[in-house]
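Trainee: In case you want the letters, here they are:
Number of protein chains: 2
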Amino acid sequence: MAELLKGSVKTRNMYAEFLERTDGLKRSGIIPGMRIFIASDNAGSAIYASMIAKNCSRAGIGCEISRYGPGTTANDLVESINKANSDDSVHGIIVMLPLWKGIDEKKILASVSPEKDIDGVSPLNAGKLVLGDACFHPSTAEACVELLYAYGYDPAGKHVVILGRSNIVGKPLANILVQKGVDATVTVCHSRTQNLKEICRSADILIAAIGSPSFITQDYTHPEQIVIDVGMNEISDGQGNMVLVGDVDFENVKDKVKAITPVPGGVSPLTHISLIKNIFKAIELKNI
Amino acid sequence: MAELLKGSVKTRNMYAEFLERTDGLKRSGIIPGMRIFIASDNAGSAIYASMIAKNCSRAGIGCEISRYGPGTTANDLVESINKANSDDSVHGIIVMLPLWKGIDEKKILASVSPEKDIDGVSPLNAGKLVLGDACFHPSTAEACVELLYAYGYDPAGKHVVILGRSNIVGKPLANILVQKGVDATVTVCHSRTQNLKEICRSADILIAAIGSPSFITQDYTHPEQIVIDVGMNEISDGQGNMVLVGDVDFENVKDKVKAITPVPGGVSPLTHISLIKNIFKAIELKNI
Numbered sequence: 001m002a003e004l005l006k007g008s009v010k011t012r013n014m015y016a017e018f019l020e021r022t023d024g025l026k027r028s029g030i031i032p033g034m035r036i037f038i039a040s041d042n043a044g045s046a047i048y049a050s051m052i053a054k055n056c057s058r059a060g061i062g063c064e065i066s067r068y069g070p071g072t073t074a075n076d077l078v079e080s081i082n083k084a085n086s087d088d089s090v091h092g093i094i095v096m097l098p099l100w101k102g103i104d105e106k107k108i109l110a111s112v113s114p115e116k117d118i119d120g121v122s123p124l125n126a127g128k129l130v131l132g133d134a135c136f137h138p139s140t141a142e143a144c145v146e147l148l149y150a151y152g153y154d155p156a157g158k159h160v161v162i163l164g165r166s167n168i169v170g171k172p173l174a175n176i177l178v179q180k181g182v183d184a185t186v187t188v189c190h191s192r193t194q195n196l197k198e199i200c201r202s203a204d205i206l207i208a209a210i211g212s213p214s215f216i217t218q219d220y221t222h223p224e225q226i227v228i229d230v231g232m233n234e235i236s237d238g239q240g241n242m243v244l245v246g247d248v249d250f251e252n253v254k255d256k257v258k259a260i261t262p263v264p265g266g267v268s269p270l271t272h273i274s275l276i277k278n279i280f281k282a283i284e285l286k287n288i
Numbered sequence: 001m002a003e004l005l006k007g008s009v010k011t012r013n014m015y016a017e018f019l020e021r022t023d024g025l026k027r028s029g030i031i032p033g034m035r036i037f038i039a040s041d042n043a044g045s046a047i048y049a050s051m052i053a054k055n056c057s058r059a060g061i062g063c064e065i066s067r068y069g070p071g072t073t074a075n076d077l078v079e080s081i082n083k084a085n086s087d088d089s090v091h092g093i094i095v096m097l098p099l100w101k102g103i104d105e106k107k108i109l110a111s112v113s114p115e116k117d118i119d120g121v122s123p124l125n126a127g128k129l130v131l132g133d134a135c136f137h138p139s140t141a142e143a144c145v146e147l148l149y150a151y152g153y154d155p156a157g158k159h160v161v162i163l164g165r166s167n168i169v170g171k172p173l174a175n176i177l178v179q180k181g182v183d184a185t186v187t188v189c190h191s192r193t194q195n196l197k198e199i200c201r202s203a204d205i206l207i208a209a210i211g212s213p214s215f216i217t218q219d220y221t222h223p224e225q226i227v228i229d230v231g232m233n234e235i236s237d238g239q240g241n242m243v244l245v246g247d248v249d250f251e252n253v254k255d256k257v258k259a260i261t262p263v264p265g266g267v268s269p270l271t272h273i274s275l276i277k278n279i280f281k282a283i284e285l286k287n288i
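Just so you know, the protein sequences line up as chains B and H, in that order.
Going by our numbering, the letters in the first sequence line up with residues 1 to 288, in that order.
Going by our numbering, the letters in the second sequence line up with residues 1 to 288, in that order.
Just so you know, these hints were derived from the structure itself, not from any lab.
Every value quoted in this text rests on a predicted model; they were computed, and no experiment measured them.
Keep in mind that a hint or two might mislead.
For chains that are exact copies, the list does not tell them apart, and a pair is met inside one copy or across any two.
Dumping the calculated DSS-like pairs for lysine-lysine here, alpha-carbon to alpha-carbon at most 30 Å [claimed, not checked]:
{"id": "1", "residue 1": "54", "residue 2": "101"}
{"id": "2", "residue 1": "180", "residue 2": "101"}
{"id": "3", "residue 1": "281", "residue 2": "107"}
{"id": "4", "residue 1": "83", "residue 2": "107"}
{"id": "5", "residue 1": "10", "residue 2": "180"}
{"id": "6", "residue 1": "106", "residue 2": "54"}
{"id": "7", "residue 1": "10", "residue 2": "256"}
{"id": "8", "residue 1": "197", "residue 2": "256"}
{"id": "9", "residue 1": "26", "residue 2": "54"}
{"id": "10", "residue 1": "281", "residue 2": "26"}
{"id": "11", "residue 1": "6", "residue 2": "281"}
{"id": "12", "residue 1": "258", "residue 2": "10"}
{"id": "13", "residue 1": "258", "residue 2": "197"}
Please model the complete structure; the sequences and the hints are all you need to start from.
Mentor: Rendered as structure tokens:
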């Protein structure tokens, strides 16, 4: 059985530290606050937002979830985001995707103030990330890197193969890993990649972020590989229940690799940590 | 002997088309104009700027080169760039690197208006490139991709290995190649990469952009490989003359790969084409 890379274990003691930090801020008159925008009836968004809110609360951070109904226009949403942009009690803003059909996602994400864009979704943040400037790293991408470090797997010089080229995970993850100081050799694969199995098998570290349930089997891995599974797919277990599975076929792979993340409990706890750290960063940058 | 990928051949007829386009613009009262800023005594910058100016002239585009002496401060330069930003006769701005020691490069590049940033150096442009939004692609990176297409080597699905992670070539090139529609599988290697030769040999297309004279030998290649050499290194020929060589040891590799760029005459002619196309794009975007 491979070593289990459990973000849930590594993050256990972090909230006590966060609480201390928040208390310090509160003593100096700053009450850290996050605002989450949901403009859809997507069940996953609602669950994720409430998990973020719960973890904010564990860290002593206020978190307000604003919901917008099906009649919402892009302009309505931009107006609300602009209010949050100029509201001093809001230090970080997250917009849950997807949005109601017809709302221009790019327009909405670009309207988040770069100073409060704690999930690093705006074009300016994405650009700063590429150029190696100070910025907010998208939380899930950052979580993958932090999980590697937490378990002593420094990616420097290693060949990391990323499956998936989404704007929120694959691309920012590649751009973080290749920076000076992180120093990974990075390959990005996707649906059009030829020889996918071969390229995946050449990886020291394989990171799956494609949203395809149990796609990665032992054909894609080798015994010395570190496997990070970013996937969170809800599927039916065939008996009327929904179960959560990753992009990796855990049972098929778990005895054939060196280390692997469980789903859930692998990457996602560190995603929340990244968001909270970015709130503190936003407050710091504001007060410089 | 490998097939020679000569940008110089593929670009020969393009200037006549550009002239026609410029004439059309002039008839509607628009005189396309570029401004190049040089704030250093770097010989390469001066040569490159005068080549750009010459090629602009071939395309009927005005090009003014502004030089700044050793006493120039970052604020002086930002002020001058801001004037060009708000000058309607300037459609595209290029800042030659390096700058005089002590001038903050990032500050200067970020001061170029995104609407005139025809070499795509600003953080906002870099971010839009990552996210797949309309933007200016950095000219050398774009030139590599255009050269592949010009010779019928569609990178879709192919494994492209890029050597070098600079902000002006390696990183933007990776971000262009991985986009939907281009669809390459992309690996970025650099000085910290382990197993570099092996990874390079696994490439369908190898692109060298590291600035190390004749670094790539046949140990890094295979007979079916397409090799693109971005390097432009001036070295002594041992007899008191300076000669221009690429990052690839051309003589060593030329009979051992499928296709290869000469240096000069490979990528660089298409770099100029990219800049000129971006001037037209800037004019178009301004007039939408």
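Trainee: Indicate, hint by hint, whether the structure satisfies it.
Mentor: Going down the list of hints, with the structure as the test:
1. With identical chains, the CA atoms of residue 54 and residue 101 are at most 30 Å apart within one copy only, with a shortest distance of 28 Å there and 50 Å across copies.
2. Taking CA atoms no more than 30 Å apart as the test, residue 180 paired with residue 101 passes between copies only; the shortest distance there is 22 Å, against 40 Å inside one copy.
3. Both within a single protomer and between protomers do residue 281 and residue 107 lie at most 30 Å apart by alpha-carbon distance, with minima of 25 Å and 21 Å respectively.
4. Taking CA atoms no more than 30 Å apart as the test, residue 83 paired with residue 107 passes in both settings, with 16 Å inside one copy and 29 Å between copies.
5. For a Cα distance limit of 30 Å, the shortest separation of residue 10 from residue 180 inside one copy, 25 Å, qualifies, whereas the shortest one across copies, 36 Å, does not.
6. When the C-alpha separation of residue 106 and residue 54 is checked against a cutoff of 30 Å, the pair qualifies only within one copy, where the shortest distance is 28 Å, while the shortest distance between copies is 39 Å.
7. Taking identical chains as interchangeable, the C-alpha atoms of residue 10 and residue 256 lie at most 30 Å apart only when both belong to the same chain, with a minimum of 24 Å there against 50 Å between chains.
8. In this assembly of identical chains, residue 197 and residue 256 lie within 30 Å of each other by CA distance both inside one copy and across copies; the values are 15 Å within and 27 Å between.
9. For the identical chains of this complex, residue 26 and residue 54 are intra-copy neighbours only, at 19 Å inside a copy versus 61 Å across copies, given an alpha-carbon limit of 30 Å.
10. In the homo-oligomer, the alpha carbons of residue 281 and residue 26 lie at most 30 Å apart inside one protomer (15 Å), although the nearest pairing across protomers, at 50 Å, exceeds that limit.
11. In the homo-oligomer, the alpha carbons of residue 6 and residue 281 lie at most 30 Å apart inside one protomer (25 Å), although the nearest pairing across protomers, at 49 Å, exceeds that limit.
12. Taking identical chains as interchangeable, the C-alpha atoms of residue 258 and residue 10 lie at most 30 Å apart only when both belong to the same chain, with a minimum of 18 Å there against 50 Å between chains.
13. Taking identical chains as interchangeable, the C-alpha atoms of residue 258 and residue 197 lie at most 30 Å apart whether they share a chain (18 Å) or sit on different chains (25 Å).
In summary, the structure agrees with every hint in the numbered list given earlier.
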